[in-house]
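2 protein chains.
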Amino acid sequence: MALIVQKFGGTSVGDPEKIKQVAQRVLKKKKEGNQMVVVLSAMSGETNRLTEFAMQMQEIPDLREMDVLLSSGEQVTVSLFAMAVKAYGDDCISYLGDQVKILTDSSHTKARIEFIDTEKITSALGEGKIVVVAGFQGVDSDGNITTLGRGGSDTTAVALAAALQADACEIFTDVEGVYTTDPNICNKAKKIDRISYDEMLELASLGAKVLDIRSVTFAKQYKVPIHVRSTFTETEGTWVVEEDEEMEGRIVSGVTYNKNEARITISGVPDQPGIAAKIFTPISDADIIVDMIIQNQDTGNGLTDMTFTVLRSDYQRTMQLLNSITEKTGANGGIHGSDSITKISIVGVGMRNHSGIASTMFSVLSNEGINISMISTSEIKVSCIIEEKYTELAIRALHDAFELDKDTVPEEESII
Amino acid sequence: MALIVQKFGGTSVGDPEKIKQVAQRVLKKKKEGNQMVVVLSAMSGETNRLTEFAMQMQEIPDLREMDVLLSSGEQVTVSLFAMAVKAYGDDCISYLGDQVKILTDSSHTKARIEFIDTEKITSALGEGKIVVVAGFQGVDSDGNITTLGRGGSDTTAVALAAALQADACEIFTDVEGVYTTDPNICNKAKKIDRISYDEMLELASLGAKVLDIRSVTFAKQYKVPIHVRSTFTETEGTWVVEEDEEMEGRIVSGVTYNKNEARITISGVPDQPGIAAKIFTPISDADIIVDMIIQNQDTGNGLTDMTFTVLRSDYQRTMQLLNSITEKTGANGGIHGSDSITKISIVGVGMRNHSGIASTMFSVLSNEGINISMISTSEIKVSCIIEEKYTELAIRALHDAFELDKDTVPEEESII
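So the protein lines, in turn, are chains A and B. The opening residue of the first sequence carries number 1 in my numbering; numbering runs sequentially from there. The opening residue of the second sequence carries number 1 in my numbering; numbering runs sequentially from there.
The hints are simulated quantities; they were obtained by calculation from the structure and are not laboratory data. This list has only true hints and no planted wrong ones.
Intra- or inter-copy, both count: the list cannot distinguish identical chains.
In silico DMTMM-like links for lysine to aspartate or glutamate, alpha-carbon gap of 25 angstroms or less:
no., residue 1, residue 2
1, LYS29, GLU127
2, LYS18, GLU236
3, LYS18, GLU59
4, LYS191, ASP400
5, LYS101, GLU114
6, LYS120, ASP105
7, LYS31, GLU234
8, LYS120, ASP142
9, LYS101, GLU119
10, LYS30, GLU176
11, LYS101, ASP117
12, LYS129, ASP105
13, LYS259, ASP400
14, LYS101, ASP142
15, LYS18, GLU46
Here the structure is a predicted model, which means the values were calculated and not measured.
Construct the entire structure; sequences and hints are all you get.
Structure follows, in structure tokens:
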């Protein structure tokens with residue numbers, strides 16, 4: 001008998017009829033001989049409805065009260081789900097975050113799970129019940145309701161699976177799994193059957209929206225196999241699991257992109273110790289997050305260029321800030337930038353054992369006439385900043401060049 | 001510095017704008033130098049919306065899960081209220097039933113409060129905060145969410161006032177207070193300034209809807225002064241307090257009516273020991289609540305008539321049940337009844353010290369040509385069952401006869 005955690009998002013439980021369908025799906029899995037723990041989000045649209053109420057009360061809504069408000073959403077779906085299961089003749093009990101209890105720190109609206117008490121759930125499972133848990137929410141040590149932020153229900157599901165030592169955590173969503181790239185851009189995009197935690201982490205942090213990055217971190221840490229699949233079909237989706245030899249044989253697993261960044265260059269910066277701190281401390285103090293940073297080699301005149309990326313929504317604010325601190329930095333070459341850029345990335349654990357992947361990427365882009373303005377690499381990914389207008393072209397060219405539409409064939413001879 | 005509990009119902013917090021108005025009203029009272037505890041219901045319409053969802057899931061929704069579902073309603077209003085107070089520059093914290101905690105028994109959807117922990121509230125008040133508590137809800141000793149049933153927020157408010165030894169409990173509603181009778185029927189109806197707990201209990205149990213009967217019981221037990229008043233005006237409402245001499249001088253305080261009952265008569269019942277049990281045990285077993293029961297004196301033939309009232313919604317079911325047990329009871333005179341009756345009542349603590357009140361009532365009705373089919377009395381009320389069509393006529397005639405439109409003048413000479 002396996003213990004399975006299944007998580008269904010807002011569109012999967014968008015109205016009473018859909019909640020019934022989810023209940024039937026869970027019941028089917030239970031009848032196959034499994035113990036079932038179900039994690040639900042709020043109905044789609046509910047979080048927006050409540051947030052609009054909050055905005056009418058207070059310009060910047062109080063975070064503690066925001067958590068009280070938003071956590072009511074899952075309370076509705078879990079109770080309705082439990083009723084549906086009972087209507088179908090099986091037994092079910094709902095638990096809210098504080099009832100479980102899912103203990104978090106006190107960072108309202110972005111709390112981190114510290115501990116999960118599994119006693120009530122284990123006991124209810126032992127009585128043959130399906131257990132449905134409100135996703136996204138927890139409770140701090142003072143009894144205040146907390147929420148985990150966007151995508152928090154994924155984290156709840158994976159954390160529960162880890163705490164319960166579940167055999168699998170299935171994340172149901174509106175796509176069929178993780179794809180080699182965005183199918184809306186490249187019609188050759190192919191569903192990936194198995195992908196490693198590290199690759200999924202890179203894909204999630206580089207722009208793929210299918211899984212919340214914190215849930216993947218959790219899954220990796222506790223070795224919880226995640227199965228990302230569609231609510232609306234029975235098809236197998238993508239398993240996010242520990243790295244294996246087959247994956248290492250695959251050079252590139254996916255191509256992803258992110259249009260949320262903007263690029264800024266400060267020219268003629270005096271190349272002296274402490275200059276980076278002078279520039280980035282005020283930026284950090286203004287709560288602006290910097291992603292890539294590149295500092296060019298001093299070419300002999302004692303000056304250098306500093307290029308970095310920020311969130312596109314912070315672009316104007318960052319430019320203003322930099323203009324106001326130009327004197328302090330002594331930069332004399334001006335500040336320029338662009339908010340019409342894309343970060344395009346290739347990800348694959350196979351890169352560790354294959355050389356020349358980055359240079360292949362550069363050649364492919366160059367052959368299409370696409371200029372690269374920044375490069376950043378890690379052990380298992382290469383990212384390039386290009387002009388936004390080339391996004392689709394670059395994705396299709398890279399997808400073709402690395403043959404991501406082909407069936408995965410373990411290239412065992414290439415493994416070190 | 002007084003400690004005041006204020007309760008606002010669903011129409012008073014029906015949308016964000018109204019919640020802001022309530023916040024302003026509470027803040028004004030605080031600025032006058034009071035400590036404020038606020039109890040809120042769910043937004044008007046929300047309970048119906050959630051109940052409709054539940055009905056789509058399960059024919060008879062599971063009671064535990066119903067409580068999880070419905071309690072989300074007040075969660076929304078209390079968090080929004082707290083935000084509003086903060087937006088106005090004061091401090092506020094919300095608590096749900098289980099956070100307070102308001103410990104109840106485990107009778108889901110109609111739980112009874114067993115204990116209230118005042119520590120968190122007292123501590124927050126000490127920090128100068130306004131405390132807003134979700135009405136209607138509590139938690140049982142196993143950590144399950146419970147609700148107190150219709151009118152439960154009134155009970156929450158009064159119970160909190162009792163536990164906190166508050167100086168007053170103000171119940172804000174859409175009427176200006178308790179009236180001598182229904183102003184929609186009798187335009188001479190007059191707001192009562194002060195009324196005793198016992199009179200209010202009788203009025204509430206006999207049909208007046210302004211206060212939940214359990215909250216009045218609580219208030220009486222713990223001597224909590226209740227102030228029933230309008231959300232929409234600043235006018236003083238009705239104080240429900242301990243009986244005093246002025247009240248005793250008032251013979252009749254109010255005329256009320258209830259159209260929710262139906263009358264049934266079983267004729268030709270053998271007048272022998274155990275016959276009442278034979279009739280009423282199966283009725284009670286069917287969860288049918290019987291209100292008034294009258295058994296006429298045996299007129300010499302060993303037979304009697306038994307007349308009683310049930311809820312109008314149980315009328316058909318009761319008639320069918322009685323027909324099926326006729327043989328067992330040996331009744332031979334047939335079963336007949338009416339579901340177009342009204343119970344009309346006069347209430348007043350002054351009755352204890354005045355004779356002839358009941359006979360005055362009978363005369364007034366008789367003079368209007370209204371036949372009385374059943375009579376029931378207690379120390380401070382007289383109820384008559386009449387035909388429904390005479391309801392308005394009876395109310396106006398009684399209101400006139402007992403001069404309820406006149407100012408209350410203490411008739412001290414009449415007090416024993």
